[in-house]
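Novice: If you're matching them up, the sequences are chains H and X in order. Numbering that gives the first Met the number 0 puts the first residue of the first sequence at 0, with every later residue one more than the last. Numbering that gives the first Met the number 0 puts the first residue of the second sequence at 0, with every later residue one more than the last.
Derived from the structure by calculation, the hints contain no laboratory data. Every residue gets a Cβ at the ideal spot worked out from N, C-alpha and C, and that includes glycine. Be careful, since some hints might not be right.
Facing chain X, a subset of chain H residues (Cβ under 7 Å, in silico) [stated by the list, open to error]:
#1 Asn32
#2 Ile33
#3 Ile37
#4 Ala39
#5 Ser40
#6 Val51
Computed from the model, here is a short list of chain H residues facing chain X with C-beta under 10 Å [said to hold, decoys possible]:
#7 Thr29
#8 Asp34
#9 Ser35
#10 Ala38
#11 Glu41
#12 Ala42
#13 Met43
#14 Met44
#15 Leu45
#16 Ile47
#17 Arg48
#18 Asp49
#19 Asn170
Okay, the calculated bits of chain X under chain H, using three or more residues with CB under 8 Å as the criterion [claimed, not checked]:
#20 60-67
#21 86-94
#22 139-146
#23 194-200
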Amino acid sequence: MTLRQAIPPFLALSAALMLGSCTNGDSAATARNIDSSIAASEAMMLSIRDSVRGVSEAERARRTRDALAVHAPDSLDACSIPLQAQVVTRHTTDVFTLELPADFTLTRDGDVDRRKKHYQYGQYEFTGSDGSKVIIDAANNDEGHSGWTGSISSECDIEIGARGVHLDVANATISGEDRIVHAHIPLSPRLALRFVAHARSRERQSELLSAVHSLRVRAAWGETN
Amino acid sequence: MKRSPFFLGAVLAIAVAVVFFMIYGRVTRPDVPLQVSATVENFAPGVAIGTSVKASKAKLGDIRWIQHLGFVGVLDRHEFALIRLAPAADARHKVYGDDRALVESVELVSVNGDAISTTMVDLGIVFRSSPKDGCIIPGTDDMPYRRVQYWTTPSDRGGVAIVTDWTFTPSTSTAGVNVWSMIAWAGSFKGSETLLAKFDSRSCLAIVGA
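Based on the sequences and whatever the hints tell you, model everything.
Specialist: The following block contains the structure:
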C-alpha cells in the first residue's frame, strides 16, 4: 500500500473520530443544560409551593382570629379549631394520648390514683409553665356540665377521633385569669372521659382548645384486672 | 387494449393534483398542531407557541426572566395562576432573556385543584384519546413524585401534559399543598427535555406504589 492509497481511509477515520468527539461533547453540554433547566424548574415549583403554603397558613391564622372574635372580643368559638401551639409534646398514658404545648408536664399520674387501682382509670393532670392546667378524669355520662365551674360562652358538639364530643368554652375568672376549655366524651352507656383545661390567658385557651382535637382514647380505658 | 388519450390525460392530471396537494399540505402545515395551539389559546389567550416571546408576553403581567427556564409571569385566570414561556434551548440558557426568541413550550401552573378534572376532560376531547402515563422523579426531598398524563398528536408533532402530585414523604415540606401544571409543546415528545423535569416513562404507581 502506498502513502497515497493510505491517505483517504486515514482522513475518513480521522473525520469520523472528530465528528464523534464533537457529538459527544455536544451531548454532554446538552445534558448539562437540561439538568440546569430541570433544577431551575424544580426550584420554581418549590418556590410556588412555599408561597402557596404561606398563604394557607395565613388563611388559617385569619380563621383563628375570626374564631376568637365570634362571640366576644375575648372569647373563643368552641366549634373552631385554632392553631396548635408552635411546639407540642405528645403524652401517652394507659388510657389516652394527647398533644399539649411543650411546656406542659405530667404533674399527676393516674397510675398512682386510688381509683385507678380499682377501676383502671384515674385522674391525670398536666401543668404548664404559666400555671395553666389540664385535668383528665372519668365522669358519668349525665354529668356533662357538672364537676367544673365557669360561665359558658360557647358550646359545640363535634367529632374527635370518630367519637362524639361535647365542647364548652367558659370563663371562671375571679381574680387571676381562669379560662376554661371543657370536653365531655361519652365512652360507654354510663361512662365518660372528662377534659378540663384552666388556661391563664386567651392565647393559652386557644392552644388548649386546639389540643382537645388531638385527644385519642385508647382501648384500655375502663378495663378492670 | 388501447386507452384513449383523454383517459391517460385524466389519470395524469389526478396524479399531479395528488402530488401537488401533498406538497402543498406539507409546506403550509402549521408548525404547531391545532390541538396544542387551541389548548394554549383557550387557557392563556394571547399566548402562542411558535411566535416570539415578545408577542406572547404582551398579554401577561409581571413577567420575569429565569435563566435555564424561560420567562415566568402572572396569569390572572380561574384555572391557572402562573405561566412559563420556554424558548428553544439555545436561548433558554442565556443569562439575559431575549424576547425575540420563539416560544417552544408553555407551562401553566395552577393552585386550584378543582380545575384538574375539567381540564382533563377538555384535553381528552381535543386529542380524542386517553392520556399516556409517566412519572417525574423528584430531585430533592422537598418535592413529591409527580404523575404525568400526556397526550401527543398521532404523528407526534406536539402534545400537552398534565402534571399532578403523586405522593409525599412525611418529611416533604410542601406536603398538603396542591399545585399542578399543564405543559404544552410543539415537536416530538422527548421526555425530560420536553417537560424540563426528570421524566420516567413508567407510571408513578410502578415506581413508588400507591
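Novice: It remains to establish, for every hint, whether it holds in the given structure.
Specialist: So, going through the hints one by one against the coordinates:
no. : hint    : verdict
1   : Asn32   : 5 Å, holds
2   : Ile33   : 5 Å, holds
3   : Ile37   : 6 Å, holds
4   : Ala39   : 4 Å, holds
5   : Ser40   : 4 Å, holds
6   : Val51   : 5 Å, holds
7   : Thr29   : 7 Å, holds
8   : Asp34   : 9 Å, holds
9   : Ser35   : 4 Å, holds
10  : Ala38   : 7 Å, holds
11  : Glu41   : 5 Å, holds
12  : Ala42   : 9 Å, holds
13  : Met43   : 6 Å, holds
14  : Met44   : 7 Å, holds
15  : Leu45   : 6 Å, holds
16  : Ile47   : 6 Å, holds
17  : Arg48   : 4 Å, holds
18  : Asp49   : 7 Å, holds
19  : Asn170  : 34 Å, violated
20  : 60-67   : holds (count 3)
21  : 86-94   : holds (count 3)
22  : 139-146 : holds (count 3)
23  : 194-200 : holds (count 3)
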